[in-house]
Structures are given as structure tokens and as C-alpha cells.
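Protein chains in written order, with my numbering: chain A, 337 to 449; chain B, 8 to 119.
Simulated from the structure, these hints should not be mistaken for lab results. Since we're looking at a predicted model, the values are computed, not measured. Accuracy of the hints is not assured; some may be wrong.
[To be verified] Some chain A residues well away from chain B (every beta-carbon gap over 10 Å; in silico):
1. V388
2. M390
3. P397
4. S401
5. K407
6. L414
7. T419
8. N420
9. M424
10. P431
11. Q438
[Unchecked claim] Calculated Cβ distances over 12 Å to all of chain A for the following chain B residues:
12. L18
13. A26
14. K33
15. R48
16. L68
17. K76
18. S78
19. A89
20. I117
21. P119
[Claimed, not checked] Pair ranges (Cβ atoms, derived):
22. A/S403 - B/S19: 38 to 44 Å
23. B/T74 - A/E398: 19 to 25 Å
24. B/G23 - A/T341: 34 to 40 Å
25. A/E392 - B/K63: 27 to 33 Å
26. B/R57 - A/P397: 38 to 44 Å
27. A/A433 - B/Q21: 38 to 44 Å
28. B/A17 - A/T422: 20 to 26 Å
29. A/D364 - B/T71: 31 to 37 Å
30. B/S46 - A/S344: 43 to 49 Å
31. A/S401 - B/G66: 21 to 27 Å
32. A/K393 - B/Q16: 25 to 31 Å
33. A/G399 - B/Q16: 23 to 29 Å
Don't be surprised by glycine CBs; every beta carbon is placed ideally from N, CA and C.
Next come the chains, spelled out residue by residue.
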Amino acid sequence: DVKVTQSSRYLVKRTGEKVFLECVQDMDHENMFWYRQDPGLGLRLIYFSYDVKMKEKGDIPEGYSVSREKKERFSLILESASTNQTSMYLCASTPWAGFYEQYFGPGTRLTVT
Amino acid sequence: SQQGEEDPQALSIQEGENATMNCSYKTSINNLQWYRQNSGRGLVHLILIRSNEREKHSGRLRVTLDTSKKSSSLLITASRAADTASYFCATALIQGAQKLVFGQGTRLTINP
Numbered sequence: 337d338v339k340v341t342q343s344s345r346y347l348v349k350r351t352g353e354k355v356f357l358e359c360v361q362d363m364d365h366e367n368m369f370w371y372r373q374d375p376g377l378g379l380r381l382i383y384f385s386y387d388v389k390m391k392e393k394g395d396i397p398e399g400y401s402v403s404r405e406k407k408e409r410f411s412l413i414l415e416s417a418s419t420n421q422t423s424m425y426l427c428a429s430t431p432w433a434g435f436y437e438q439y440f441g442p443g444t445r446l447t448v449t
Numbered sequence: 008s009q010q011g012e013e014d015p016q017a018l019s020i021q022e023g024e025n026a027t028m029n030c031s032y033k034t035s036i037n038n039l040q041w042y043r044q045n046s047g048r049g050l051v052h053l054i055l056i057r058s059n060e061r062e063k064h065s066g067r068l069r070v071t072l073d074t075s076k077k078s079s080s081l082l083i084t085a086s087r088a089a090d091t092a093s094y095f096c097a098t099a100l101i102q103g104a105q106k107l108v109f110g111q112g113t114r115l116t117i118n119p
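This is chain A alone, in the form it adopts within the complex:
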């Protein structure tokens, strides 16, 4: 079975801190994605990556950056956390083009105080 893991289930950070969220997949998938999920807004794409060292902006990249140094790992970075970045963050991967079945991690609920 495909396994996508995220570094933390729950995280509490202070405003202004630099935050790293990590995602690891164990199936040699080419494509990886970071979403945030907020009530009433569904899932919104932050960044995605088709290959190592490659990244593309999604729909809401402001305030975020990403890193993909190895194929299995895709990191989301909040350069200076703000309270409006309090959210559920979901990582996903797929071996095919990004519009096919995506495999999701369990999510990280981030609270910024």
C-alpha cells in the first residue's frame, strides 16, 4: 500500500516563527502536493512538484515556500507564521499526472498563536 506520512499530526507555533511541515511518500511517486483545508473553503492547492528540485505555485502560494531535495520528501515552509495560516495542511502524492488519483497523508493541524 502507498503510504504518505506527515511529520506531525498537531503543531502549535507562535506568530513570526519559521515552520517546517514535512511529507514523505514511500512509493517513488513523481508528483507531490500541499493543500490547506479550511471550513467552508474545501481544499486549496498551495504548491506542487513534478520532480526533484522542481516546484509550481498553486492557487494560494503567498506566505509559503517549498523544498523538494529528494524524490520522496516534500517540505512546506511557512517563512513567518501568521494567525491566518492556522489550518489543516494535507500532503498528497501521485505517480501519474497530477490529475489522477492522489494519495493523501493524515494531515497536520497547525495552530498559530
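Given the coordinates of chain A, work out where chain B should sit on it, guided by the hints.
Relative to the frame of chain A, chain B by itself:
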């Protein structure tokens, strides 16, 4: 407005009944997918239907796609308490980046 919009936003039925959720979208798609999310967890892929398909089945799930109306429906038959979850449709657009666009979801509650 959203590319994919689910209707209703919330649905509560008795165990054993059928549950129907709808998804509407605005632009041409390559495929449409349905996902389930249990409370506070990641999403799980349920079924994918391509733009040239009209109906697809998987166990107790039946998905239909009407590209002329730009809509899809997910039917869960003989519902169980374990079906309680949020259900999301996701559309894969023909043009633009190869990514999915998710709707806001339908919260389904199955009452015992």
C-alpha cells in the same frame, strides 16, 4: 465561484437508506473524482470517472457523470454508520496545470 460545488452541504439519513450527493462544475474536465474524509483525517480516493464515461460502480458506490450538464452524482446504497464522513468531488481540468480542483464537500451523517 468554485469549479466544483457539492450539494447538499450536509446530509443526515438513517442507516440502511441511500445517500445521494451532487457535484457541479463550470469548465471542461478530463476526469472527475470522489474522495472521502473521516473526521480530522486525510482524504481517501473512492472512484474516478473519465469525461467519456457516464456511469461507474464500485461496491456500494455508484457515480454518474453528465458532461452536458456539467454535473456528477455519488450514490451510496444501503448506508452504514461507517459511511459517516465528508465527501469531496475533485475535477481535473483539460486545460492548465495537471492538478485537481476540490469542492467544499458534503458532510454525511448516518444515524443508527
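Outcome of the hint check:
no., hint, verdict
1, V388, "holds (17 Å)"
2, M390, "holds (13 Å)"
3, P397, "holds (13 Å)"
4, S401, "holds (18 Å)"
5, K407, "holds (18 Å)"
6, L414, "holds (20 Å)"
7, T419, "holds (21 Å)"
8, N420, "holds (19 Å)"
9, M424, "violated (8 Å)"
10, P431, "holds (13 Å)"
11, Q438, "violated (7 Å)"
12, L18, "holds (16 Å)"
13, A26, "holds (19 Å)"
14, K33, "holds (15 Å)"
15, R48, "violated (6 Å)"
16, L68, "holds (15 Å)"
17, K76, "holds (21 Å)"
18, S78, "holds (17 Å)"
19, A89, "holds (18 Å)"
20, I117, "holds (21 Å)"
21, P119, "holds (26 Å)"
22, A/S403 - B/S19: 38 to 44 Å, "holds (43 Å)"
23, B/T74 - A/E398: 19 to 25 Å, "violated (34 Å)"
24, B/G23 - A/T341: 34 to 40 Å, "holds (36 Å)"
25, A/E392 - B/K63: 27 to 33 Å, "holds (30 Å)"
26, B/R57 - A/P397: 38 to 44 Å, "violated (30 Å)"
27, A/A433 - B/Q21: 38 to 44 Å, "holds (41 Å)"
28, B/A17 - A/T422: 20 to 26 Å, "holds (23 Å)"
29, A/D364 - B/T71: 31 to 37 Å, "holds (34 Å)"
30, B/S46 - A/S344: 43 to 49 Å, "violated (18 Å)"
31, A/S401 - B/G66: 21 to 27 Å, "violated (41 Å)"
32, A/K393 - B/Q16: 25 to 31 Å, "holds (29 Å)"
33, A/G399 - B/Q16: 23 to 29 Å, "holds (28 Å)"
The structure shown violates the earlier hints numbered 9, 11, 15, 23, 26, 30 and 31.
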